[in-house]
Structure formats: structure tokens, C-alpha cells
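**Q** Heads up: the protein sequence lines correspond to chains Z and B, in order.
Using the numbering used here, the letters of the first sequence correspond one by one to residues 8 to 302.
Using the numbering used here, the letters of the second sequence correspond one by one to residues 8 to 302.
Check the hints yourself; a few may be wrong.
Any copy will do: because identical chains look the same in the list, a pair fits if it lies in one copy or spans two.
What the hints assert, rightly or not - Capping the alpha-carbon separation at 25 Å, the derived lysine to any residue pairs in SDA-like fashion look like this:
1. Lys121 with Ile176
2. Lys181 with Thr40
3. Lys33 with Arg115
4. Lys39 with Asp270
5. Lys25 with Tyr292
Since the hints were derived computationally from the structure, they do not count as laboratory data.
Quick caveat, the model's predicted, so the values are computed rather than measured.
Protein chains: 2
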Amino acid sequence: MTPVEAVNGRTYLDNTRKLVDELLEKYLPSEKTEPQSLHIAMRYSVMAGGKRIRPVLAIAAYEYCGGDSRKAATTVHPAMAALEIVHTYSLIHDDLPCMDDDDLRRGRPTCHRKFGEAMAVLAGDALHVIAFRLMAGTGSIDAVIELAEAVGTSGMLGGQVADLEAEGINASRKDVINIHSRKTGALIRGSVRIGALLAGADEATLDRLTAYGEKVGLAFQIIDDILDIKGNQETLGKKTGSDSKKHKATYPGVVSLQQARQDAAALIDEALGVFEDYDDSILKYIARYIGQREN
Amino acid sequence: MTPVEAVNGRTYLDNTRKLVDELLEKYLPSEKTEPQSLHIAMRYSVMAGGKRIRPVLAIAAYEYCGGDSRKAATTVHPAMAALEIVHTYSLIHDDLPCMDDDDLRRGRPTCHRKFGEAMAVLAGDALHVIAFRLMAGTGSIDAVIELAEAVGTSGMLGGQVADLEAEGINASRKDVINIHSRKTGALIRGSVRIGALLAGADEATLDRLTAYGEKVGLAFQIIDDILDIKGNQETLGKKTGSDSKKHKATYPGVVSLQQARQDAAALIDEALGVFEDYDDSILKYIARYIGQREN
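Extracted from the complex, chain Z is given alone in its bound form (with noise of 0.2 Å):
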């Protein structure tokens, strides 16, 4: 990318995190509304920071597709919000004991050591609520369809089901992508797709979007699998090295660690390869962002 699409996408990330949080605040349920136990834990969860990388994407595509600027407040805005804090309750019931029994993320106790596991549970499910709470909010029985899809039995609860069982075993290549596709991808790619909806995108380009949200989110999730091995701790927040002593099926396991690299850097290729050479889109920072991140 030149600088000046460099500076202006480090911008927009900035900028739109800001909003993320911001968002979040405002949407959740404060610490002082009853049940405040539950609101602690689930706010502690969800404001311990992030990438952000599904709210980033949702807005990206919702402005990438036209979407009114005045009406985002009442759509893509509580979107972002579901977005993030449905990824959060997955990362929270994902670290449970009986799962990965992970002890930190984002630098911080996960949040079944730091309020108790029957906690834990009810804030994950609190989260899963209000993801499909704000979503309705948007008034778009699409997107709320779109979320249930995304993260469901055939989205990212399969692929959670999908990596426990392959944990241990000899995982093919295919398995993984398999894996990744539904753990990590599928609510990815809904995020685009429900930005591009919200902004109501003509179907092809929603197609177009869909296929660059497929390939960003496998390659989102082969570079976790790399930073897994090579990445720095207090970066990311999390112990590295969980996947290996887990004996989780992951994508450089498979193939070489450099295999994974160009494998990875391919994808982000074809995603680029969704828009025209001339489109100055922030969904194609955010993609090469993607292929370069270290946390």
C-alpha cells in the first residue's frame, strides 16, 4: 500500500475503534443496573480492548456499499456493538475449564478465574442475548438472520465443535480449513455481510463481499495459528504456545510454518482481487492489516 493509504487506514482504524468502545459503553448495561454481578463480569469482558477487526469490518462495508451516514446510528452502529460482544461470549465460553481452560486474555484473567465459572457461563449467555437484542435493534430481520447463521451450528459453534473433536488427532489440511472457516470465518464474513446489508448492498455486491470476508477471515485465523507459535505474549495478550500443548489442529501444523505464511499472504490476494485496481477501499487496508498484524 502507498503511505498515504498506510496513514489514512491507520486513521480510520483508530478512529473507528474509538467508536467500537464508545458504542459498547453506551450499550451495554451499566455496572450499577441490577444484576450488577452479571454486568460486572460481562462488561469486564467486553471493554478489556481488542482488535475489533467485526465492527471495523461491518462499518467499512456498510460505507463501502453507500450506506447512509445519517441513518448509522440506528443500523450499522448497534451492529458493530452485537458484533463485537457475540465474539466476546464465544471467547469467554471458549476459555471455560471444560474447554480450552485458557487463564488470560487480552492481558487479563479470563473471566471464569476472575468471577467463577457459573458466572462465566451467565455472562457468555447474557452477551448472546444482547448481540441478538441490539441486532433486532437494527430493525432488519436480515441481519438478525444473518448473525444466527453466522455464529450458529453451522457457522462458529460448529467450528468450536469441529476443533474439540480434532484436538489429538491427525488433521488434514482440509480439516483445518474446515475448522477455521466455520470457527473463525463465519462471523467474519457475517460481519461483512451484514454491514453490506444493512447499507443495502444489490447481490453482486454482496457476492463480491462475501467472497472477500471468506478469504480475510481463513486468513485472520491462520495468522492466530502463526502468532500462536511466534508471536510475543505480552503483545498478544494470551499464553502462546496453548495450541501446540493442546494438540489443537492448526493450519502450520499442517503444513510449514512458511507454507502457512504464503498460504495466508494468497488469501489476502484474493480478497484484494474482489475490488477494482482503482477502488480506494478501506476494506483493502483493512485485508493487507489483516495479513500483517502481529497481535
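Since the structure of chain Z is already known, use the hints to place chain B on it.
**A** Just chain B now, kept in the frame of chain Z:
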């Protein structure tokens, strides 16, 4: 009730329960759909039977409000399945070792006893999503919002937290009413309201049925508490006496058993009070049935 009412009501209940089972069979992914292990666990819990009182209330309210029977298959039917499914998700998570730690539900091992904790967490999550997917399938954003409010932190989940936090504490009658109204009452009230909303009920009717739903919802849980003390384990399909063993806040625990029976009966009378005497409604039969149930 007159003998004729009782026979008609009993037939209505039996037929509607059959319909509910058919709808659940139709809407839940089959055991042969990937991920099979997850779908098997989901079906195990949903198809274990139960009183199906929430979908029964939804369709009875739909019919009471003059809902079009020709549109039932695309409106109230998916809503009925959604209500039973969301209820089942809450039972699965409630039964987890970190929550109520129950071994028996509807006469069978609980989901985590049968399939393990990780699968039970995921099966609950997956049923939670499917409920929203089905409710969105009605095309009514209002119904989706109603479901989210009923099971969210100001409804069912708030009640679950309060219930956990009240264990071993000297709760007052007011505390218990507060817990029961949210933990059980909110979804029962929501079921009645969703049926009415899908039928296009006017404000006044919706208000009356909301009051009805609140009364029968609270009565339902008070009778649950009574049955936990006096009921027969075989008829109930779950262990009796478990509330007291866990030092749960129960209604008969804060007033006498006799007073609890009287208060439940009074609530049923109040629920019946929203109807005119000549109003020959199945909702009246269901209120009486809830007041007299033995499982």
C-alpha cells in the same frame, strides 16, 4: 371448570403438545447433519419431553387474539419451537456442575452427564442461537425483541443470577417473588406476549394478556417449589427435595406450604380475572391447569 371445559382443554393440551413435538422435530437439525455430536446432544435434551407450557401459551394467546390460522405455520409455529428451545438451553446450562449440578432431568441423565460438560455448554449455546433464528423466521422484529427481553439480564438471566446469589441467604418473600418473576415468569409472560404480538393484538388486549402471563408465570414457579417438596420423583422426572438441599430461596421456604398453595391459587384467580366470565378461552383452562398440575 365444567366437565366439558376440562375435556376440551385436555384435548387441546394433548393435541398442541403433539404439534410442538412435530415442530421441534421439523426445526431442529437432524442427528445426521454435521456437527452430528452437537445435534445429537441438542435433540437429546429438547426431545426429552416436558410440559411444553411456553409454546402452548403462545399459540393459545395467538388464537385468543384472532391470529390467522392460515399464517400460523410461518409465524406462531416457529415461535413456539423457539420458546421451547430457549427454555431447554436454560435448563442445560442451569444443570451444569458449576451451576445447580443436577444429574437428572425429565427422567434422564442431564445433558452434561450424558455428553460431557463441553458439549453441554455448546449444546445450550446452539439452542440459544436456533431460538433466535426461528424467532427471526416469523418476520417480526417485535417478536425477536420480546424474546431477547424475556431471556436477558432483566428477565430470565437476571433471575438465574439472583437465584444463585440467594443460595444460603435468608431471602424474604419479596426477594423470592423477584427471583421467580424473572427466572421463570419472564419467559412465560414473553410466550403469551409473543403469541399476541404475532396475532397483531391491540394494546389493551396485549396489556391484559401481559398481566395474565405474569400471574401464571409466578404461580407456575411457586407450584414448582411446592412440587419439589411434596412431589413424586417419578412423576416429576427429577430429584425432589433438591431446592432445600441446595439452600435455594423458595416460596414455601419463606411462607408456609399452606400459604404458598393459597398464594398460587390467588394468582391463578387473578390471571382468570383478566377475562370476562363469558369468555370461553383456552387460556383460562391453561391457568387452571397450571394451578392444579402435579408434575
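**Q** Hint by hint, note whether the structure agrees.
**A** To see whether the hints hold, each was checked on the structure:
Taking the closest pair of Cα atoms, Lys121 and Ile176 come within 25 Å of each other only across two copies (23 Å); inside a single copy the shortest separation is 32 Å, beyond that limit. For the homomeric pair Lys181 and Thr40, the shortest alpha-carbon distance between copies (19 Å) is at most 25 Å, but the shortest distance inside one copy (47 Å) is not. For the homomeric pair Lys33 and Arg115, the shortest alpha-carbon distance inside one copy (23 Å) is at most 25 Å, but the shortest distance between copies (44 Å) is not. Taking CA atoms no more than 25 Å apart as the test, Lys39 paired with Asp270 passes in neither setting, with 48 Å inside one copy and 33 Å between copies.
For the identical chains of this complex, Lys25 and Tyr292 are intra-copy neighbours only, at 18 Å inside a copy versus 55 Å across copies, given an alpha-carbon limit of 25 Å.
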